Amino acid sequence: MPKIVAVTGNEAVAEAFRQVNPDVCAAYPITPSTDLMQRFASFVNNGKVKTEIILVESEHSAMSACIGASAAGGRVITATSSQGLALMWEELFIASGTRLPIVLGLVNRALSAPLNIHGDHSDGMGARDCGWIQLWSENAQEAYDNTIQAFRIAEHMDIRLPAMTCMDGFIISHSIERMEYLDDEVVKNFAGEFRTVNPLLDIEHPVSYGPLILPDYYMEFRRAHAEVMSKVPEVVLSVAKDFEKISGRKYSLFETYRLEDAEIAFVILNSAAGTSKDVIDEFRNKGVKAGLLKPRLYRPFPYEEVGEALKHLKAVCVLDRADAFGASYGPLYIDIAASLYPYKEKPTLINKIYGLGGRDYLPEHAELVLNELAEVAKTGRVKTFKEYIGVRE
Amino acid sequence: MKLKGWKDVKPGAVVTEAGSALKFKTGSWRAFKPKWIEENCIQCMFCWIYCPDMAVKAKDGKRAEFDYDYCKGCGICALECPGKKGNKAIVMEEEGK
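Sequence lines, in order, name chains H and Z.
Read in order, the letters of the first sequence are residues 0 to 392 in numbering that gives the first Met the number 0.
Read in order, the letters of the second sequence are residues 0 to 96 in numbering that gives the first Met the number 0.
A portion of the hints provided could be inaccurate.
Derived DSSO-like pairs (lysine-lysine); straight-line CA-CA distance at most 30 angstroms [as the list claims (entries may be wrong)]:
no.: 1; chain 1: H; residue 1: 230; chain 2: Z; residue 2: 1
no.: 2; chain 1: H; residue 1: 230; chain 2: H; residue 2: 288
no.: 3; chain 1: H; residue 1: 285; chain 2: H; residue 2: 345
no.: 4; chain 1: Z; residue 1: 96; chain 2: Z; residue 2: 84
no.: 5; chain 1: Z; residue 1: 9; chain 2: H; residue 2: 230
no.: 6; chain 1: Z; residue 1: 87; chain 2: Z; residue 2: 32
no.: 7; chain 1: H; residue 1: 230; chain 2: Z; residue 2: 22
no.: 8; chain 1: Z; residue 1: 3; chain 2: H; residue 2: 230
no.: 9; chain 1: H; residue 1: 382; chain 2: H; residue 2: 288
no.: 10; chain 1: Z; residue 1: 6; chain 2: Z; residue 2: 32
no.: 11; chain 1: Z; residue 1: 22; chain 2: Z; residue 2: 9
no.: 12; chain 1: H; residue 1: 2; chain 2: H; residue 2: 244
Residues on chain H that point at chain Z, a partial pick, calculated with CB under 7 angstroms [stated by the list, open to error]:
no.: 13; residue: 212
no.: 14; residue: 223
no.: 15; residue: 249
I should point out that these hints are in silico values taken from the structure, not numbers from a laboratory.
As the structure is a prediction and not an experimental result, all values here were calculated from the model.
All C-beta atoms, glycine included, are put in the ideal place defined by N, C-alpha and C.
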């Protein structure tokens, strides 16, 4: 029987890791993911899992150790935030290019400078094109569920790519919520036995990892990687279907909320989607046809499906919790714009940058944006395409 | 050799054939070529030990010719060579001269 608990996001992901019982974990502490790994380390020390923890001196080394352990043939996990993910950056490409199904719990935090420890999406967005699968989570339940599903997706024999699951630092990682834990046996069976591909420790079949690939072959390997990426959405959906059978919870490539008959909508990631849904309900009560789309599988991004889901709207605001300096628009906006570009009839698209460095996203902010969207939908006129909200002038 | 298309490359570029580095002839990288002068060779085998590749060959415990398919011309052999009475048994010559 599933157990109803009151836990933080970090506790929930640590619990998912315990239930999957990986072979190896290499991590280096960084706020706000420190608490996740501290909890997991307690499980290891108390004999609750058989995982071997490798102590390392940096996140660069943590990801390097994960790559080695994964190539050796182990099921491998890690967790990090912000500067930690940034320090892993070059290794992230090596993990994905070598097709190693490592699972990384990313607790989203702003990047320095100025130094800040609170939640925004700059870290995950910085790593969005490094060949990893990214699943984003609104709350502790989704972070737990995504983590469990990430193993099945990453380790799928048609995929074999690393995956990171994202949740908002502090807002989710350190807030206690009501959620459900699945039974240990159920999670264990769902994750299944880890299957190895070309493990280094199989000395009967010696292999070499990391060869030099010159201009005569490099592009073929990148093209092959892109092809594997294109198969991910199908696997995500089939894993979600299996997950629904054990949990009763439905997952897709993205979540839509009151979107079908909507005229105006938000596109927003992670925890702020929850606040937005409440405000959308209030507007619906007033007769405003508002809705929301919350991406879950952010990499690879399901452009066609997202475009289909949004094309009927009159006005859409993409809310980005990360800026893209010099790119004019936030990263999520650029992806949504690309999704809608092929359509002749498409919604007017505006972009708001919010919540940087953990700045609160409040219902008033959602109200202001919905009012603006209603005005844009009515008049077709846009004052500013990109704006910062919740910032002092 | 016909090059493979992207559908046929090994996932993750993992090399599953042991010893296949032999097929990658790196001698073409060389700008300087070591030349062995046998009459100055005292058979110390330093060049054979120091070669970072396997480009110095030995036969029956004695110094044999260079394997130019793999010699990248680093010059370590020439540097380490003690020679005979001040005359080096290995000297570096510019390629193509």
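Here's how the hints hold up against the structure:
no.: 1; hint: H:230 / Z:1; result: holds (28 angstroms)
no.: 2; hint: H:230 / H:288; result: violated (35 angstroms)
no.: 3; hint: H:285 / H:345; result: holds (25 angstroms)
no.: 4; hint: Z:96 / Z:84; result: holds (27 angstroms)
no.: 5; hint: Z:9 / H:230; result: holds (17 angstroms)
no.: 6; hint: Z:87 / Z:32; result: holds (15 angstroms)
no.: 7; hint: H:230 / Z:22; result: violated (33 angstroms)
no.: 8; hint: Z:3 / H:230; result: holds (22 angstroms)
no.: 9; hint: H:382 / H:288; result: holds (21 angstroms)
no.: 10; hint: Z:6 / Z:32; result: violated (39 angstroms)
no.: 11; hint: Z:22 / Z:9; result: holds (17 angstroms)
no.: 12; hint: H:2 / H:244; result: holds (16 angstroms)
no.: 13; hint: 212; result: holds (6 angstroms)
no.: 14; hint: 223; result: holds (5 angstroms)
no.: 15; hint: 249; result: violated (32 angstroms)
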